[in-house]
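Colleague: The chain contents come next:
Number of protein chains: 4
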Amino acid sequence: MKRVKIAVIGASGYTGLELLRLLLTHPHAELVCVTSRQNAGRSIGELFPRFTGAEAAGLQFIDPDADAVAATGAELAFLALPHGVAAGYASSLLEKGLRIIDLSADFRLDDPAVYEEFYDAAHPAPELLAEAVYGLPEVHRADIPGARLIAAPGCYPTSIILPLVPLLRNKLIDPGSIVTCSMSGVSGAGRKADLSLIFCECNESVRAYGLPKHRHLSEIEQELGKAAGAPVAISFTPHLVPVHNGICSTTSAKLLGQPADIGRALEEAYGDEHFVRLLGRGGCADTKNVTGTNFIDIGWDHDPRTGRVLLLSAEDNLGKGAAGQAVQNFNLICQFPETAGLQNF
Amino acid sequence: MKRVKIAVIGASGYTGLELLRLLLTHPHAELVCVTSRQNAGRSIGELFPRFTGAEAAGLQFIDPDADAVAATGAELAFLALPHGVAAGYASSLLEKGLRIIDLSADFRLDDPAVYEEFYDAAHPAPELLAEAVYGLPEVHRADIPGARLIAAPGCYPTSIILPLVPLLRNKLIDPGSIVTCSMSGVSGAGRKADLSLIFCECNESVRAYGLPKHRHLSEIEQELGKAAGAPVAISFTPHLVPVHNGICSTTSAKLLGQPADIGRALEEAYGDEHFVRLLGRGGCADTKNVTGTNFIDIGWDHDPRTGRVLLLSAEDNLGKGAAGQAVQNFNLICQFPETAGLQNF
Amino acid sequence: MKRVKIAVIGASGYTGLELLRLLLTHPHAELVCVTSRQNAGRSIGELFPRFTGAEAAGLQFIDPDADAVAATGAELAFLALPHGVAAGYASSLLEKGLRIIDLSADFRLDDPAVYEEFYDAAHPAPELLAEAVYGLPEVHRADIPGARLIAAPGCYPTSIILPLVPLLRNKLIDPGSIVTCSMSGVSGAGRKADLSLIFCECNESVRAYGLPKHRHLSEIEQELGKAAGAPVAISFTPHLVPVHNGICSTTSAKLLGQPADIGRALEEAYGDEHFVRLLGRGGCADTKNVTGTNFIDIGWDHDPRTGRVLLLSAEDNLGKGAAGQAVQNFNLICQFPETAGLQNF
Amino acid sequence: MKRVKIAVIGASGYTGLELLRLLLTHPHAELVCVTSRQNAGRSIGELFPRFTGAEAAGLQFIDPDADAVAATGAELAFLALPHGVAAGYASSLLEKGLRIIDLSADFRLDDPAVYEEFYDAAHPAPELLAEAVYGLPEVHRADIPGARLIAAPGCYPTSIILPLVPLLRNKLIDPGSIVTCSMSGVSGAGRKADLSLIFCECNESVRAYGLPKHRHLSEIEQELGKAAGAPVAISFTPHLVPVHNGICSTTSAKLLGQPADIGRALEEAYGDEHFVRLLGRGGCADTKNVTGTNFIDIGWDHDPRTGRVLLLSAEDNLGKGAAGQAVQNFNLICQFPETAGLQNF
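Line by line, the protein sequences give chains S, A, Y and B.
Everything in the first sequence is counted per the numbering used here, starting at 66 for the first residue and increasing by one.
Everything in the second sequence is counted per the numbering used here, starting at 66 for the first residue and increasing by one.
Everything in the third sequence is counted per the numbering used here, starting at 66 for the first residue and increasing by one.
Everything in the fourth sequence is counted per the numbering used here, starting at 66 for the first residue and increasing by one.
For reference, chain S alone in the conformation it holds in the complex:
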């Protein structure tokens, strides 16, 4: 069974951890390199005792030096790095012949001006933007096989874009009326020593944050605009809730067509997609059914009193919202079965 030599750059956060979890048992991946500036010299199993016993658990973290990474023989690198930092590694590693699946925001936007608006810095590698593929397979599958540089979508964007795209493409909702509330587990805030993230500050707490212009809006609106054929701006409010992982997004918009069109459009778009599970009308997607998996569950409803459509989606922010989707892209790039290594429930 063919195995691709893999590097994970920046493997000590929650996204990196979930990537490792998936790659350690992926039938077509051979983990040959993991990097972490702070943990260089320690093994995967030492840093994450959960993984002790896995075949590659003895692999040691090295410093994230591009030459050193290339020297391990890695053919493809996953970048689980902060935005702004990822782009430089992508450039260097692409030059050395590696393919890149970047989980940061650096290559998600087509327009460097939008990047600058939302990320408060000039884009670090604008020359690569044209080549980068926005790695949302259910929307851009055709562009993925053979790609050198994948920008894996953000967690909130995946949960919001997927339900909306078929409705916008079919002109079933008013693009100016879209309102989304999302609730995210605490892992979405990262694995870092921060007072606001400690157990006693998060447990028994529910709150909105990051108002009113969350960075993820940039890619959400880019993708919605493509589907609508015109610019779209949405109202988006993220919330932090005390679960480990999972995102639940509730989106509503004015219906332009008939309620039954909604179900039909979703079915046409995703009826054959393995990782999109359609719950039908009244189906309230629950994060507990998707944690640890690469599924996104989507239900919908219609409120005749307000004329609004409701879209209810749930995914694992670390799964379909990050590492799972990155592995799905890996499978597509390499033309492995799309579900390889993602058959966990």
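Keep in mind the hints are simulated off the structure, nothing from the lab.
Below, computed lysine to aspartate or glutamate pairings styled on EDC-like, alpha-carbon distance capped at 16 Å:
#	chain 1	residue 1	chain 2	residue 2
1	Y	K257	A	E266
2	B	K319	Y	D239
3	Y	K319	B	D239
4	B	K257	S	E266
Starting from the known structure of chain S, fit chains A, Y and B onto it as the hints suggest.
Modeller: Just chains A, Y and B now, kept in the frame of chain S:
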């Protein structure tokens, strides 16, 4: 110090439990009667070991018979009963001269037809509707002192009505554009043996429920309509999140005026209200700051990209959303200091 | 790749659910039958939406009738039934030629009198006790291949027996001095509508229960007695803590030998065991590293002040403590690789 | 009503926060000074939004300078500082005429050599040790009124000492056989930015820590030794469990007398104590009944199979285990009713 003799009818659910917690230490309340069909003969301390040591913890639950309740000398009764059941007790106890603070939905609606539409049954005591006061002190304070029958508002309604009323009264938002997402702790679902409520089904789970026409919409829209001077219909999606108590509501609507008007209108309406804490622009209300209290925290923001106002509120669903607000009404009826027995943090 | 036709009898509790999770992706298992009296006619995916998308998610639950089970062609049945109920099915299905892995307590004890003492009923099938193998592979591996009837050990017993057996066999501790405290996640109490199990009763709660003679003591002491070569009685206190799954057991006993003997004995016993991860001296086993897996982590320490050895173990009560271990037994019976289907992290 | 002017030194941790919560509504306390090096210049309400609306919420934190503290007119200071730091402030403030209730470990031990053994540093103010009273009212009540310097006991010690003292005094258990397992909420680890304390590292995690010689053993054994009339060493294993607050301790020891003696001894010692609630034989103390209060619940049992007594206690680690007990001492020093300001349920 004057103490009013109090009965709590239906004291074995979470609302009843919170009422007991507040009344056991209220300086002007003397608990003389608690009822529970299933727990008759057991004492408060036996059923709720937390309360052992309180002065009235030895009081025994009796069957909820109106004569027996009146025989205890109770002057005022809190009803923590299911809707449909409360109305009958209210009638009987009013006849016996008790005042009533009802925490069910039975007297919240002015129009029995709306009751029937939302609660699927003819109203059990329509003759009392005209007299009942909707017990939201910050909106209807003038009607409360001396009232015989208070309908304490629902938990979701309190968190949604309070931030919206000043904006609707001042015509600052488009009433047809209101969208609310609320997140509630599990105590809101009641204290009952139900598979969907057990720990392993709720923990690590986030989901919408009760779509698309939650019963609380009836009172929410009644009160918003009064403030707007015209009927209002809103889009409302409740969610269940794994916290014990607390409701976080995020409401947005199209701004008609200037952003600064929002803060001003909230300040004018609630600047002198003890139990409404205004967090200002950008203030993200957090349930952890209000659990166990009668406060509601309200922040707001404006998104120039969409032209929408954001209202962010947090309360304890059992506190300001139920038992705390009922006690606030009790204080107002009896002309005690409004904060008596509610000075807990 | 050879696949064995599998039935899961009583598949609607948490143990059954975890068994399904493991078997749905097991390379050598073909799920052909699932039973549930209450859910007959519904599919696995309907009852457990998490599993929608798995190959066998469309399989429908049937009534637990032995003839109907046999008619599905099942070659081996896992019984996830209450004690007392399992034995009858075991007898019937054995007669029909199926092998049995029973997850109840019915065949764990050698002596029917001990069963009667701890389970308050005569043993329902004493004639099968001699044949049944106590399915703790790390202790009784030699007896498992080819067995017709496996009694999969209880969750607490696994976490307590494994660390103690090597010390008792080597006479390193005083058998009369053993004290164990265990902390279990709420899934250990079962998937049932019970007021004491609802979220608001379990969240933010820590307590002992089931004192002083928990049923699991019977099998714990049976196995410890075999290791010690003489009867052993231990002090065992289980606690309920608000996590979904996981058991953490802390055991102490008077050291008879030298502290270094402890590490050596554990290493000799389990150094080559895939599913036992030795953490060494000072290693505090953490349930978060084993949830969802079939691992048990074991650390130890010595307190010279009291002369006591400390044994610290963590496992998933549904994994190594139930379904994972049952699958490990399945692999051994059928002589598949012991880790088949259990390579999840 | 007489009010004592109070300073809280080091008020930004969880113990300080709980002290503020209690003192903000205490009828005999007037909060005049709060200190925090990092938060000087911010008000109580700014740092802890929960307290906004309390009378003294506008009070600003100042630097912890002894002169500045004295200048506020404070008559009594609570020290919620790290061990080693508290002693210096105690000396300075005592000189300036303030009374001190110290919540650190600095004055809990009679013997400076034991301090040095357990805290790895010479005692910073040994001359004050003789004067300091170990502030466990149920054991040392007579020494408290009028004291200048109280050492409020640690959280684990309170939960372990109280159940054991009557049994040791009455020679009902073998002092050499005591084994305790305790489970603590995460607030016990402090309010600090530490990776091991963030939500995703603590949630769904149960583990022992701090083995085998936790610092609290020093004061536990000191007090048990006094009760036994001879040195006592116990086996003590603390565990971290995912609750905000609460400690559950399970202690066992060999019974020397008759089982009924246990209940009798506890009843004699604590039957009249308001803050000790005896649950009787089989009573499994549950942290959820004591959180937010100053109660400790104590149950017990006897296991005839092992001859061991079980003691089951639950308290709030921040309440009876820290701030609540400190306030109880305050009431006793000043001869206020012992329950003043502690009548919360």
